[in-house]
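Participant: Whenever a hint applies, use it, and build me the whole structure from the sequences.
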Amino acid sequence: MVQGVAELNKKVAAIPKRIENAAKKAMETGAQELVDMMRRLVPVDSGDLRDSIGWTWGNAPAGAKVIAQSDPDSRGLRITVYAGNEKAYYAAWLEFGTAPHNVAKGGGNKSFKGDAHGHPGSRAQPFFFPSYRALRKRVQSRIKRETRKAIKFQGPPAASEAD
1 MVQGVAELNK KVAAIPKRIE NAAKKAMETG AQELVDMMRR LVPVDSGDLR DSIGWTWGNA
61 PAGAKVIAQS DPDSRGLRIT VYAGNEKAYY AAWLEFGTAP HNVAKGGGNK SFKGDAHGHP
121 GSRAQPFFFP SYRALRKRVQ SRIKRETRKA IKFQGPPAAS EAD
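Numbering (the UniProt record's numbering), first residue to last: 1 to 163.
Derived from the structure by calculation, the hints contain no laboratory data.
Errors might be hidden in some of the hints.
Stated by the list, open to error - Straight-line distance between alpha carbons at most 27 Å, and here's what the computed DSS-like set of lysine-lysine pairs gives:
id, residue 1, residue 2
1, K144, K24
2, K65, K152
3, K17, K137
4, K87, K65
5, K87, K24
6, K137, K10
Facilitator: Right, dumping it as structure tokens:
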């Protein structure tokens with residue numbers, strides 16, 4: 001009989017959980033880093049939009065605009081970065097700006113009779129895409145690096161890696 005087979009089987013069984021834990025931790029760190037940068041860049045009036053920016057595992061909260069979302073893996077791991085809620089519904093308007101438009105009742109359609117109230121539009125004040133572009137490679141590299149470290153790790157399984 002070969003000695004140590006049971007111990008080897010335990011180590012091999014712990015590898016997928018170890019890799020998953022390392023990837024989750026790296027994804028969480030990257031998401032928080034992205035959220036922090038977005039909060040620093042977003043223009044602040046009342047602070048509602050800044051306070052609505054966040055991340056979560058799974059789907060975004062009701063009323064929030066999904067800004068970035070990872071593809072789910074076979075275990076369903078999905079991380080979502082979001083902004084906006086009922087009070088801060090204008091996240092996309094701020095990111096991309098708006099064109100000049102009529103704000104009078106009826107919106108200036110043909111059936112409208114009366115004074116037109118034009119809105120000059122608003123310039124874009126991007127906060128998401130600059131953050132995303134600045135951090136994308138760093139976050140991806142961190143996930144790859146931590147996953148590789150978990151694969152190469154030779155020690156005994158940690159308590160969180162046991163089934």
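Participant: Each hint should be assessed against the structure and marked as holding or not.
Facilitator: Evaluated hints:
1. K144 - K24: Distance ~11 Å between K144 and K24 Cα, so the pair holds.
2. K65 - K152: violated (38 Å)
3. K17 - K137: Satisfied, since the Cα-Cα distance of roughly 25 Å is no more than 27 Å.
4. K87 - K65: holds (12 Å)
5. K87 - K24: Violated, at roughly 31 Å.
6. K137 - K10: Violated, because 34 Å separates the two Cα atoms, which is more than 27 Å.
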